[in-house]
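Chains as they are written, first to last, in this note's numbering: chain A, 1 to 177; chain B, 1 to 577.
If you're looking for bench data, these hints aren't it; they were derived computationally from the structure.
Do not rely on the hints blindly, as some may be mistaken.
Claimed, not checked - List time: in silico DSS-like cross-link candidates among lysine-lysine, alpha-carbon distance up to 25 Å:
(1) B:Lys160 with A:Lys71
(2) B:Lys527 with B:Lys540
(3) B:Lys362 with B:Lys374
(4) B:Lys540 with A:Lys63
Keep in mind it's a predicted model, so treat the numbers as computed, not measured.
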Amino acid sequence: MNEEIKTFTISIYTENNIGLLNRISAIFQRRHINIESLTTSQSEIEGVNRFVIVVNISEVQAKKVVKQIEKQVETIRAYYHTDEETIYTESCMFKIKSALLFEEPQIQNIIKDSNSQIVTVNREFFVLEKSGRRHEIESLRRDLNVFGIMQFVRSGRIAVTKSEMKITEMLLAFNNQ
Amino acid sequence: MNTETENKTKEMAQKTERITGSEAIIRCLLEEGVEILYGYPGGAIMPVYDELYKFRDKIHHVLTRHEQGATHAAQGYARISGRVGVAMATSGPGATNLITGIADAQIDSTPIVCITGQVASHLLGSDAFQETDIVGISTPVTKWNHQVTKASEIPEVIAKAFYIAKSGRPGPVLIDITKDAQFEEFDFSYKKCTGIRSYNPVPKINIDAIKSAAALINQAKKPMIIWGQGVILGKAETELKAVIEKAGIPAAWTILGASALPTSHPLNIGMVGMHGNYAPNRLTNECDVLIAIGMRFDDRVTGNLNTYAKQAKIIHFEIDPAEVDKNVKTDIAVLGDSKASLATILPLLNKNSYPEWLQEFKDLYNIEFEKVIKNDLHPTKEGLTMGEVLNEINIQSKGNAAIVSDVGQHQMIACRYADFNITKSNITSGGLGTMGFALPAAIGAKMAAPEREVVAIIGDGGFQMTIQELGTVLQQKLALKIVVLNNEFLGMVRQWQQLFFDKRYASTEMTNPDFVTIAKGYYINSKRVKTREELADAVKEMIASKEAYFLEVCVEKEDNVFPMIPSGASVSDIRLS
Numbered sequence: 001m002n003e004e005i006k007t008f009t010i011s012i013y014t015e016n017n018i019g020l021l022n023r024i025s026a027i028f029q030r031r032h033i034n035i036e037s038l039t040t041s042q043s044e045i046e047g048v049n050r051f052v053i054v055v056n057i058s059e060v061q062a063k064k065v066v067k068q069i070e071k072q073v074e075t076i077r078a079y080y081h082t083d084e085e086t087i088y089t090e091s092c093m094f095k096i097k098s099a100l101l102f103e104e105p106q107i108q109n110i111i112k113d114s115n116s117q118i119v120t121v122n123r124e125f126f127v128l129e130k131s132g133r134r135h136e137i138e139s140l141r142r143d144l145n146v147f148g149i150m151q152f153v154r155s156g157r158i159a160v161t162k163s164e165m166k167i168t169e170m171l172l173a174f175n176n177q
Numbered sequence: 001m002n003t004e005t006e007n008k009t010k011e012m013a014q015k016t017e018r019i020t021g022s023e024a025i026i027r028c029l030l031e032e033g034v035e036i037l038y039g040y041p042g043g044a045i046m047p048v049y050d051e052l053y054k055f056r057d058k059i060h061h062v063l064t065r066h067e068q069g070a071t072h073a074a075q076g077y078a079r080i081s082g083r084v085g086v087a088m089a090t091s092g093p094g095a096t097n098l099i100t101g102i103a104d105a106q107i108d109s110t111p112i113v114c115i116t117g118q119v120a121s122h123l124l125g126s127d128a129f130q131e132t133d134i135v136g137i138s139t140p141v142t143k144w145n146h147q148v149t150k151a152s153e154i155p156e157v158i159a160k161a162f163y164i165a166k167s168g169r170p171g172p173v174l175i176d177i178t179k180d181a182q183f184e185e186f187d188f189s190y191k192k193c194t195g196i197r198s199y200n201p202v203p204k205i206n207i208d209a210i211k212s213a214a215a216l217i218n219q220a221k222k223p224m225i226i227w228g229q230g231v232i233l234g235k236a237e238t239e240l241k242a243v244i245e246k247a248g249i250p251a252a253w254t255i256l257g258a259s260a261l262p263t264s265h266p267l268n269i270g271m272v273g274m275h276g277n278y279a280p281n282r283l284t285n286e287c288d289v290l291i292a293i294g295m296r297f298d299d300r301v302t303g304n305l306n307t308y309a310k311q312a313k314i315i316h317f318e319i320d321p322a323e324v325d326k327n328v329k330t331d332i333a334v335l336g337d338s339k340a341s342l343a344t345i346l347p348l349l350n351k352n353s354y355p356e357w358l359q360e361f362k363d364l365y366n367i368e369f370e371k372v373i374k375n376d377l378h379p380t381k382e383g384l385t386m387g388e389v390l391n392e393i394n395i396q397s398k399g400n401a402a403i404v405s406d407v408g409q410h411q412m413i414a415c416r417y418a419d420f421n422i423t424k425s426n427i428t429s430g431g432l433g434t435m436g437f438a439l440p441a442a443i444g445a446k447m448a449a450p451e452r453e454v455v456a457i458i459g460d461g462g463f464q465m466t467i468q469e470l471g472t473v474l475q476q477k478l479a480l481k482i483v484v485l486n487n488e489f490l491g492m493v494r495q496w497q498q499l500f501f502d503k504r505y506a507s508t509e510m511t512n513p514d515f516v517t518i519a520k521g522y523y524i525n526s527k528r529v530k531t532r533e534e535l536a537d538a539v540k541e542m543i544a545s546k547e548a549y550f551l552e553v554c555v556e557k558e559d560n561v562f563p564m565i566p567s568g569a570s571v572s573d574i575r576l577s
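Bound conformation, chain A alone:
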């Protein structure tokens, strides 16, 4: 199997329990793997959580890590996917001085061209929000940085997979046992 380091998106379906985040992050920590991003949210199934974790590791490692995660009692299923196998996005927010909107007219073009949205405007500042791929967000950040950014924040990756997960079927099978 491939030892080449790649970006993998690890998707984990879990019960919603206190402490599980700790248990899952410990699996990465033990192996000295840096987590690039981590997002947890409700999944498509009521009461089931979904973790989306991005790591740069080899496929051999990804496979072992996913097995260790699946071994946890409260993990329903875990998967790893390459970028090509997922649809993914990140989102970000910029807080910028409102005066710049009038002083630097290019900003309006940057906003328009980048497909970002103004969330709120007041006398002091306005807030811009954008979702997209990392390079799009980075390019927007660079463009705006010229004028000064009061605050910038980017979320972790969220991703859905092209292939089916079949979690609902798995849970139904358990209920019918």
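Guided by the hints, dock chain B onto chain A, whose structure is given.
Here is chain B on its own, set in the frame of chain A:
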């Protein structure tokens, strides 16, 4: 409401009772069949101890002398009986003292449930007296853990704890219960846990994998089996024996797999690993099909992975999917419970025998016997060897004793030379290598199986790590046999210093107390042996004793354990001297 539901509701109402959380804990333990638990009281667990007092005719609480002893005793109890061991401690230091035993149980797949008291829920996170985040601390070393802050959660959580600890690949579970939850009253009813939707403890057997495995085994010219503790945990000893005998395959064992097949079985070719036998280690790199059953290719078994069994096709029978391809790439993985898997493959195997291949093992055994075993078991030099003590114990106990060993040279000698006629008889800390394990684990083992002869074999270093548990032996009036093999050194580290650090004996020499006097201080019959002439009679007296007996044997100070695969070397490079 229709009559049926009405009746059901009534029935439920009859089954519930208003009791406190702490009484519920004891009632849950009784529902799970717990008769003995090990622990140490303290502030945050006092309401539970008050209930233990009330229920003292139904459940026997053993006061160990340290919480670490409680977990090891629970482990010993579990390892000899196959049942879940239970340990209990208070919050803070009580809870943190459990951690070594929990980590040991995690890496050696031992089913134990630990219950800790915790400060009241309104104090959580406030750095209260004896508050520690034991759920956070124990997370990486437990199969599952959970904090309870409401009495009403207790029955379901304890039911889950026992189910998780013993199902699938067993392991330790820790339940932390706040003091207010112990005091709180609620309507109690108990239902055993039979399944958890996110947890699949036993993978379904894939019949195609079994068929491929059988085909590969049937066409093998030099097959070899290595079995591990998975056989014992899966209660698959009979199935293992049947497979070995029908297919005629030489079979070796890992340290935790010892005793699953009697030592004297003609196809039992000994132990693999760093201080295992010469033949199975060498021939791991000669076999054409390696059949691993319920073992995990630990680095102490494989040595250098790049030179491990590269010539062989590998079949791995395993209950835990995370173990497959973890260290050694398998050709055929047979997932599932060992008992069911072995029973399924048995009819597909051809009756076979490999006399020439088996002879290769015998030839290498003869070399090992001449160069190592003879001198260990029947020495002619002046000083006593650890091996001759084991030999004497074998003779006196007729191979029927359960041997509980600590960690170090004496452990390797015990595992190499003890005769095992009965399964679950080799109780030792394999994965974690926890010094101080043996005395408390032997206490647990003796209490779980009072009819068995239980002999603890301990080095002078490890003995002093949990020596206080002699107090537990005294208080519980246990007919436990304790042998300390005293070489006045931390022998295994000294051996490494001699071989790999030019004899720079940094902090390995021990100035020891008079162990016999200490044992006498605990009112335990005791004897010290310094010469070969005294040994047989002393061991005889010890085994014949109906009470606890302490035997110190002063052995040669600088003996080494061989064979040995140096750390990071290939199994082929096993040294005989």
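Here is what the structure says about each hint:
no.: 1; hint: B:Lys160 with A:Lys71; verdict: 16 Å, holds
no.: 2; hint: B:Lys527 with B:Lys540; verdict: 12 Å, holds
no.: 3; hint: B:Lys362 with B:Lys374; verdict: 15 Å, holds
no.: 4; hint: B:Lys540 with A:Lys63; verdict: 55 Å, violated
The structure does not agree with numbered hint 4 stated previously, though it agrees with all others.
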